[in-house]
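Novice: Sequence:
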Amino acid sequence: MTHSSFEAQVDAYLDGELAAAETRELETHLAQCLECTRFRDRRLELRAAIVAGVPTFQAPAALRERVRAAARARSPSARVFRRFNVQSVWRPLAIAASLAVVALGSWTLALQHAAGEALANDVLSSHIRSLMPGHLTDVPSSDQHTVKPWFNGRLDFSPPVYDFAGRGYPLLGGRIDYLDGRAVAALVYGRRQHVINVFVWPAGRGPSGGPKTRDRQGYHMLHWTTPDYGYWVVSDLGVTEVQDFAQLLGSH
1 MTHSSFEAQV DAYLDGELAA AETRELETHL AQCLECTRFR DRRLELRAAI
51 VAGVPTFQAP AALRERVRAA ARARSPSARV FRRFNVQSVW RPLAIAASLA
101 VVALGSWTLA LQHAAGEALA NDVLSSHIRS LMPGHLTDVP SSDQHTVKPW
151 FNGRLDFSPP VYDFAGRGYP LLGGRIDYLD GRAVAALVYG RRQHVINVFV
201 WPAGRGPSGG PKTRDRQGYH MLHWTTPDYG YWVVSDLGVT EVQDFAQLLG
251 SH
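Numbering (the working numbering), first residue to last: 1 to 252.
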């Protein structure tokens, strides 16, 4: 089973709609594939967010009765049609349609929030995993002119790389990571005995935005987008120093 075939079947799997043989094959793949397990978990988080955040609406009893009456009253007879007050039926329907638009907006916001939280969890996991011995850098170097060319041919974009040693944030190297369904650049900086991971990949078509801060498990995370790139900065430094570093990075 490939990743793409798993992603195509995951909703049917979660709904219990797959045949027994397909279910066994998919679960065997899940047991061996961390990437698809994360994809499944994000799907579960998304479903939970929808259930928790999207209101449900039931048509009022009076509206349902009016619609039923309208259906019963349908007749080619002009006399019956004149007695039928069309406006009295469609006015409540218009209100119901407006409520549906509001519900759709809430559903969209819930989807966006769930996707953002799932990505933040993946970013934090990648940062923590990088702190294990031998995982921090693929190209250990304090020279930006060594680190930046190393990414050529390994990524489909050329990430911006800077050395801030003169400001107390020396470049330690870089590596390739996998986030948001694609390979990304991870740039590693130091600050005393602390590590700062900067995850960079091309920005989507959405609007650019300033830094948003999340605090999780003792780590501070900042995320922002520019017209060209999306950035995530993660470290256990104090939040003020993390913000100072992010401002320094964003000014280039």
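Think of the hints as simulated: they come from the structure by calculation, not from any bench.
Any given hint could be a false lead.
Here are the simulated SDA-like cross-link-like pairs (lysine to any residue), alpha carbons at most 20 Å apart as the crow flies [unchecked claim]:
id : residue 1 : residue 2
1  : Lys212    : Ser125
2  : Lys212    : Asp180
3  : Lys148    : Lys212
Small disclaimer: the values here were computed from a predicted structure and weren't measured.
Novice: A separate judgement is required for each hint: does it hold in the structure or not?
Specialist: These are the hints, each one checked on the structure:
A C-alpha spacing of about 18 Å is found between Lys212 and Ser125, which places the hinted pair at or below 20 Å, so the restraint holds. For the hint pairing Lys212 with Asp180, the CA-to-CA distance comes to about 18 Å; that is within 20 Å, so the pair holds. Taking the CA atoms of Lys148 and Lys212, the gap is about 26 Å. The hint is violated against a cut of 20 Å.
Violated hint for the displayed structure: number 3, the only one.
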